[in-house]
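K.L.:
So you can see what is in the structure, the chains are spelled out below.
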Amino acid sequence: MQLTSKNPLTSKMKKTANINTALAAATCALLGTVPVAQADEGVWEMDAALLYYGETDRVTAVEGVFSASKDFGDEHVFSGKIILDSLTGASASGAVAQPNAQTYTRPSGRGQYVVAAGETPLDDTFHDTRVQLEAQWTQPLGDDMRGSTGVHLSKEYDYLSIAVNGSLAKDFNQKNTTVSAGLSLAFDTIDPEGGRPVAFSEMVIDQGQFANEEAYQAVFDATRQEGTDDKSTVDLMIGVTQIINRRMLMQFNYGFSMSDGYHTDPFKVLSVVNDQGLTQALVHEDRPTERTRHNFYWQTKYALDSGVADISYRYATDDWDINSHTIDSRLRFNLSDNTYIQPHFRYYQQSAAEFYQPFLLEGTALPTFASADYRLGEMTAYTIGLKYGMKMPSGNEWAFRLEYYQQDPKNAGFDEPGALQQLDLYPSLKAVIAQVSYSF
Amino acid sequence: MMRNKLIKITLALICVQLVGCANLGVQPWERDLLAKDEMALDSEGNDLGLDDHIYFSKEATSGGRAFAGGGCGCN
Amino acid sequence: MRQFHLCMLFILFSFSPLSLGFAQQLPAPDFAISVDQLPDKLSDFKGKVVYLDFWASWCKPCRKSFPWMNKMQQKYGPQGLQIIAVNLDSDLALAKVFLDKVPADIPIIYDPQGNIASGYKLIGMPSSYLIDRAGLLRKSHKGFFTKKESLYEQEILILLNEKG
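Chains as they are written, first to last, in this note's numbering: chain F, 5 to 444; chain A, 25 to 99; chain E, 69 to 232.
Any given hint could be a false lead.
[Stated by the list, open to error] In silico lysine to any residue, SDA-like type, Cα no more than 20 Å apart, as pairs:
no., chain 1, residue 1, chain 2, residue 2
1, F, Lys414, F, Gln426
2, E, Lys114, E, Glu217
3, A, Lys60, F, Val47
4, E, Lys210, F, Leu145
5, A, Lys60, F, Gln426
6, E, Lys169, F, Gly399
7, E, Lys210, E, Gln93
8, E, Lys114, E, Arg201
9, A, Lys60, E, Gln93
10, E, Lys210, F, Leu335
Think of the hints as simulated: they come from the structure by calculation, not from any bench.
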């Protein structure tokens, strides 16, 4: 049972475009529940994977996963997972490019960075390591029914996430139909370096106007809120899996998610530009403290004579006005009894959040909420990849995966004043994903 | 409003599945292809988890999948 | 008074955990057998207790059931137990691969079309059926659970001890 995750965008406060969102903990919370593939009894089945994610000129991440599961008899299964990841690189801060060089203050308040003329401002302050632990227990609960429960923990320097989950699955119609329901509760605490900024407070940039270090620090501290903050999320999912015929099965899921707490990314800013398109100030963003999401998911798996076709569609909508469509397809071709290739294609499209703005116009009233985080804007993205797997005589399996991910943000209908018209405010993001896995 | 309608339709579909789809499916001994490891819904669990990680961080939507059902239907 | 005693006996007996199902004793669906050293059809096994197991190469619990069935056949064969394993693979080559890895000391019948299985209205895989010495279907099991092995053995013993 997989439950929709919490909003990953704001969970990792210190890092901007990183892939280590602690929220992944909650999302992955139910990835291992009510497992279908039956393991041999009494043997630990283990999987290890190493993933490299690299954007051109931006974020680079390396992630290692080790998972193990064991059937302790009659389908009483324990599975555990440990994930370690490390992030470096630069991510878009939300400010707009300018026809001249700009200076920004680092989120901690200590140090500055300069952005060249015409370049999208990227904050390269961060690099961090994260650890995630998961444990899940699944067992039959009487005839035709299975239950599963688990915990997730994710920890990094400034972020802690704890989640618990529980789910039930029941079979009907000679096990041709399976209905499942799951619940997940997550609690995150955030304590970013430099403290959380006050909403819409101006970024303090030391350009010699302060008498001394203390004076600067005092003004900087005035833009910061005290203490830590937190966020809690409730996820609910209901699903049906139906065997259609000897070759095909389908799944329909409905997911509901409600999160309450700090959703803002404390390191994202908006540029306040004048009617010439020139930045006058930078202000910190602010997002609503609540988010309610709905998720509709359909998947089909079809057994070919020598392979499997897998296609899924997901429609998501929420009260931030973000609507998205995702089509994900994998086609596995068995080249021989022991080897296969699997091309992968994914298409994603989302509409902008209601409070998304690429910049603020000087002189206009401040909105209640605003963010220029490109991840909340209008975009389309596609992934194209290939995986190759081979089984060794010992029964262990190697797999290699190489994928290309491109994200194209779009203008959600904002006029660009003056100098901004000559600049690319919506640069594409291009990334390569490479992974090696070993199952034993 | 559109969303509420969608929710109701989906839940109705799920209920209909239970009752109306008693005809769909196969006999227990005809699940040889469905029993294959690659036909399991969680067959590439680690890959799917890693991918979900990436897409959470770069996009505004997450989740969707579940893993119950399918397979060989044994025990 | 005598009727009352009979009633009490009846009630006591029916509550007894040692009896196996008074209700619904139908003859086990018959089928032809074309394995050497075995009779031509199931009904020819009258006088013996038959444990009929339906399995397939892709069924993982079957890997546990075979060693147990081998053990039971060896232990109770002399007392009149006959275990028969009916294979339901549509691809017989896969069944052979399974049997290479999991040896069977019991006879195997091949039913790739599922004709015999249809007669027994299988609900899940694997499924096993206990047929008494009179050829009546007494017990059915859905799935194979190592925890229940001693229970399965007890049921076999009860049927073996029944007078034909």
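K.L.:
Is the hinted pair Lys60 (chain A) and Gln426 (chain F) satisfied, with a Cα-Cα distance of at most 20 Å?
P.N.:
Distance of about 56 Å is beyond 20 Å: violated.
K.L.:
Holds or violated: are the alpha carbons of Lys60 (chain A) and Val47 (chain F) at most 20 Å from each other?
P.N.:
holds (19 Å)
K.L.:
Please work out if Lys210 (chain E) and Leu145 (chain F) have their alpha carbons no farther apart than 20 Å.
P.N.:
holds (15 Å)
K.L.:
Need the status of pair Lys414 (chain F), Gln426 (chain F): alpha-carbon distance at most 20 Å?
P.N.:
Since the Cα atoms of Lys414 (chain F) and Gln426 (chain F) sit roughly 16 Å apart, the hinted pair holds (cutoff 20 Å).
K.L.:
Holds or violated: Lys114 (chain E) with Glu217 (chain E), Cα cutoff 20 Å?
P.N.:
violated (25 Å)
K.L.:
Lys210 (chain E) and Gln93 (chain E): Cα distance at most 20 Å?
P.N.:
holds (18 Å)
K.L.:
Would you check the hint for Lys60 (chain A) and Gln93 (chain E), treating anything up to 20 Å between C-alpha atoms as holding?
P.N.:
violated (37 Å)
K.L.:
Could you grab the alpha-carbon distance between Lys169 (chain E) and Gly399 (chain F) and see if it respects the 20 Å cut-off?
P.N.:
holds (14 Å)
K.L.:
Are the Cα atoms of Lys210 (chain E) and Leu335 (chain F) separated by 20 Å or less?
P.N.:
violated (34 Å)
K.L.:
Hinted pair, alpha-carbon criterion (20 Å max): Lys114 (chain E), Arg201 (chain E). Please report holds or violated.
P.N.:
holds (5 Å)
Comparing the model with each numbered hint stated earlier shows that hints 2, 5, 9 and 10 do not hold.
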